[in-house]
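Participant: Those protein sequence lines, which keep their order, are chains A and B. Heads up: the first sequence begins at 1 in the numbering used here, then just goes up one per residue. Heads up: the second sequence begins at 1001 in the numbering used here, then just goes up one per residue.
None of these hints come from the bench; they were simulated from the model. Note that the structure is predicted; figures quoted are calculated from it, not measured. Please note that the accuracy of each hint is not assured.
[What the hints assert, rightly or not] FRET-style restraints, in silico, Cβ to Cβ: (1) Thr-1004(B) - Gly-206(A): 24 to 30 Å; (2) Thr-197(A) - Val-1088(B): 18 to 24 Å; (3) Val-54(A) - Ser-1039(B): 48 to 54 Å; (4) Gly-90(A) - Val-1054(B): 37 to 43 Å; (5) Val-88(A) - Ser-1039(B): 46 to 52 Å; (6) Gly-1090(B) - Gly-66(A): 31 to 37 Å; (7) Ser-135(A) - Gly-1066(B): 45 to 51 Å; (8) Gly-1192(B) - Pro-137(A): 55 to 61 Å.
[What the hints assert, rightly or not] Residues from chain B that keep clear of chain A, each with C-beta distances beyond 12 Å, as calculated: (9) Ser-1005; (10) Val-1035; (11) Asp-1144; (12) Tyr-1170.
[To be verified] Only some residues are given here: those of chain A computed to face chain B with a beta carbon under 10 Å: (13) Leu-85; (14) Glu-95; (15) Asp-164.
All C-beta atoms, glycine included, are put in the ideal place defined by N, C-alpha and C.
Protein chains: 2
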Amino acid sequence: MQATSAAEDYLKAIYHLATEGESVTTSTIARRLGVSAPSVSAMVKRLEAGKLVVRRGEGGLVLTAGGERQALRVVRRHRLLETFLAEVVGVPWDEVHDEAEVLEHSLSDRLEERIDALLGHPAHDPHGDPIPPRSGPHDERWADPLTAAPTGARFRIERVSDRDPDALRYLAGIGLRPGVLVDVGARAPFGGPLWVTVDGAEHALGTQLTNLLHGAVARAAKKPTRRTR
Amino acid sequence: MQATSAAEDYLKAIYHLATEGESVTTSTIARRLGVSAPSVSAMVKRLEAGKLVVRRGEGGLVLTAGGERQALRVVRRHRLLETFLAEVVGVPWDEVHDEAEVLEHSLSDRLEERIDALLGHPAHDPHGDPIPPRSGPHDERWADPLTAAPTGARFRIERVSDRDPDALRYLAGIGLRPGVLVDVGARAPFGGPLWVTVDGAEHALGTQLTNLLHGAVARAAKKPTRRTR
DNA sequence: GTTTGTTGTTAGCCATGTCTAACGTATCGA
DNA sequence: TCGATACGTTAGACATGGCTAACAACAAAC
């Protein structure tokens, strides 16, 4: 089954919900894509007919091998395009997602190949998301959320969710990008902000922002400064 | 009226037919786009409702000011993309048209601007076609066809029609690109080939090829410069 | 003058993808 | 136990954009 542009969007949404650990149901897909529940019902029926998804009792929908292959193809094109737009065209960090979102459906295999080669077969896009290979296994696992890091730890940002341009612009403004090390400070109680130190400056991040940041504890730092590689 | 992707294709086809001096009718559009006549009838009705085309007795269809504006936007994006793909991505001459054909419908204004600036606001695409400005007047006039050049003249190629990849590949192979000077030789009668000298080598071009080449006589050469035989 | 071909339109069908309205189930609180 | 809330589906509508079949009108050919 050759997926249409709309079907590709659904497959991608299902893939993302699954890898994020969310349940994959009519309503979660509808929320994610901003469409009505009956629209999802209809599309899921088409995807089932095309053997791209199946229903697993309880959990909801699961991609078949073919469905996952198609989803990964779209994800690959999306992330390659993001990388290309950022590195070659000079599109700012916070804009690449939206541009890639529309272009990903009209990128030919041939052009995808060329872009991939031009970029030197990158492994990650500008937000730190792994770029699936053209074929073969792919590991989409997310690193730990920043919120899981203990106070006093030094945390290395690995991925920054690319969905909210305004948030991305703000995070880039204070230097929070993949690869950056931050010191995790105090956490205000009852959903209050988390204090972090980036580049020597302290910032209070609300939950809306901390949820976007994933990475790993680099060292359970006790001492405040001293930069190591 | 915000044109859909399909409507953009029709507007572009109408624009091209008109500027090429062809009649703009249901059947010529259908032939150009490879769709059935009733499909054209239906789309023309929608375009008329959207005030993008009007019927002129006899000649057929004519773009309104708004229709031409939209057609030029698509043509601009197409030619900018061709230039971008060729110069920045390294896509071969004969492939850029097909790639641009699909991407042109999903290029945002913002990205179009960036690409235009990155390229230094080019005036022509790789085939020599003029890139319409974002707004303001645009001159699409085609130069004279090579077939109009007298025997013995030196002819400067300005535009090479980009529609046939195989022909383009062949022409590129023998050095026939925009900006190149050719010496027009003998013309075989009854639709026979036209002999031209490019880069010191003589080639016989069939009408299928000569129709793709447009330019201007650079000098009405009388003496067969040592290159010609 | 009749036939034949070109041209354009209608009529009718289909697939895709969206929507709202309405209707079942379940589940959870009060 | 009853009602509110969430979830999913069906029914029915609409826009878009394609198709074939059939027909009307006209011009050129015989």
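Participant: Taking the hints in turn, state whether each one holds.
Facilitator: The hints, checked one at a time:
The hinted range of 24 to 30 Å is not satisfied by Thr-1004(B) and Gly-206(A), whose Cβ atoms lie roughly 40 Å apart. Remark: the range hint 18 to 24 Å for Thr-197(A) to Val-1088(B) is contradicted by a beta-carbon distance near 40 Å. Take Val-54(A) and Ser-1039(B): their Cβ atoms lie about 37 Å apart, and the range 48 to 54 Å is violated. Between Gly-90(A) and Val-1054(B) the beta carbon distance is about 42 Å. The supplied range of 37 to 43 Å therefore holds.
Roughly 38 Å separates the CB atoms of Val-88(A) and Ser-1039(B), a value that falls outside the hinted 46 to 52 Å. For the pair Gly-1090(B) and Gly-66(A), the beta carbons lie near 33 Å from each other, so the given range of 31 to 37 Å is met. Between Ser-135(A) and Gly-1066(B) the CB atoms are about 46 Å apart, so this pair conforms to the stated range of 45 to 51 Å. Taken as a hint, the range 55 to 61 Å holds for the pair Gly-1192(B) and Pro-137(A), whose Cβ atoms sit roughly 60 Å apart.
Distance check on Ser-1005(B): its Cβ comes as close as 9 Å (rounded) to a Cβ of chain A, failing to clear the 12 Å threshold; non-interface status is violated. The claim that Val-1035(B) is not at the interface with chain A holds, since no C-beta of that chain comes within 12 Å of its own (minimum 18 Å). Distance check on Asp-1144(B): its Cβ is at least 34 Å (rounded) from any Cβ of chain A, clearing the 12 Å threshold; non-interface status holds. The Cβ of Tyr-1170(B) sits about 20 Å from the closest Cβ of chain A, beyond the 12 Å cut-off, so the non-interface label holds.
Checking Leu-85(A) against chain B: minimum C-beta separation of about 8 Å stays under 10 Å; hint holds. With a least beta-carbon distance of about 7 Å to chain B, the hint placing Glu-95(A) at the interface is held under the 10 Å criterion. The closest approach between the C-beta of Asp-164(A) and any C-beta of chain B is roughly 18 Å, which is over the 10 Å cut-off, so the hint fails.
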